[in-house]
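Participant: Take a look at the letters that make up each chain.
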Amino acid sequence: MELRCPFCGIRAVSEFNFRSVAPERKEQPASALVYERVNNPDCSLEYWQHVEGCRAWLLITRNPSSGRVDDVRFLVHEA
Amino acid sequence: MTGYQRYSAWSLLKAAMTPQTPWRRMWPRSDPKDRYEVVIVGAGGHGLATAYYLAREHGISRICVLDRSIVGYGNVGRNTTVVRSNYLLPQNHYFYEDSLRRWESLSAELNFNVMYSPRGVIELATSDDEMNRSAQRGNAMRLAGIDAALLDRRQLAAFAPEVDLDYPRRYPIIGGLLQRRGGTVRHDAVAWGYARAAAVHGVEIVENCAVTGLHVAGGVALGVETERGTIRAERIVFAVAGHTGAIGHLLGMRLPIETHLLQAAVTEPVKPFLNTVLVYGYAHTEVYLSQSDRGGVVMGGSLDGFPSYTREGQWSRLEQVVQGAVALLPQMAGLKLLRHWAGTNDMTMDGSPIIDRFGYENVFLNGGWCYGGFKAIPASGAACARFVATGTAPDLIRPYRLSRFHSGHVLDERGMGPFPALQ
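Each protein sequence line maps, in turn, to chains L and B. Residues in the first sequence are numbered consecutively from 223, following our numbering. Residues in the second sequence are numbered consecutively from -4, following our numbering.
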């Protein structure tokens, strides 16, 4: 599997670290925010980091059932 | 028992003398009926064991086990066959010890040789810190009456002479924690043995029949929707291993689970040279290996590192596993890999399983086994069956309730925090 880093181009997935599934932005108890996952088998929104490249934090949209990567974008913090 | 063959040394001898094979199908092909007392989703180790104990111990006769594929296609046929009970937390080591005791007598109970081989499991240590942690875990086990022995370098050399301790490794081995009664069990035989024994007690096994949803009316679960129509059931059990998270999504429930891939590989068969199960963890990875009765070295390592249902492992992880194996046993360097594969693991946020009610009073979840599901099968099946039959969870599985994540009673065996990719 390969990922297209917005800065470094197409690189092997072993250069990247998966950090976590992105939590949904809605009001919920802290325990749910920490522990519960949506587990949609067709779409997963995740935080990754290009640790062996530019070290940018990335927001990746993938289909965990097919392995297809739909979107890789630079993670910009919203104020 | 009519229609079923009882296996024995005599039946084997008689069959060897018979020109045509006298062996019959071990369980009949079934078509689903309209209604059952209990429907179990998932004909893997946990589903079949639950069905078997429900029928045998609790006298429930109308049970159906559904699977979207065939018996043994999922994780029960994809693991690295290791059984052990060397856990630190009391909730875990009592549960897994119950399982290990059941493994010891399972072949006789099922009348099917599951090839339990108590060859010992050694978790190797590469630093003083690891030796301290091994001593702590070994002591916790011994306080619970479970066998554990801390081996120093000399004792290790005597117990596992196949490991050359003088070989120059980046992470030298200084000792290890041995559980003598741990070992391996032939995984396919477990699926077939439980399937056959369940069928003997009247359980129907329906293969190639995917469940597409729960049949709910007025807030009550009445059965399951399948590719072959609605099947009504008084009680429903989900034992779907790596697809537990997806079932949660299907039913609109968020579970403390992520699904990750775990790879395993086996080498070409060679003459016996490895007489124990070795676990070698170093830096941020690990490898565990054993030699099968066929002669292949079976090995596995860490998770692939990100959620996936694809059953296609990453090459880089396989490379790491093989590197670890060769660092541990350099005599393996010339071996060829025969096969490698991946399984989907329902990783929970604390690394411990979940057996609990699932949204409805009569719907049960048996899942979240992470990569420890195989060794748990007999204890899980027996406890889950009692839970389903009586409506009360036995003490052994009470710690595995779903609410522990909200009440703060997580069972984080490895102290990793809510990061399943690192468990």
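If you are wondering where the hints come from, they were derived from the structure by calculation, not from laboratory data. A virtual CB, placed ideally from N, CA and C, is assigned to each residue, including glycine. Accuracy of the hints is not assured; some may be wrong.
[Claimed, not checked] Example chain B residues on the side facing chain L (calculated, C-beta under 10 Å, incomplete):
#1 GLY300
#2 THR305
#3 GLY410
#4 GLY412
Participant: Which hint numbers doesn't this structure obey?
Facilitator: Result: hint 3 breaks, nothing else.
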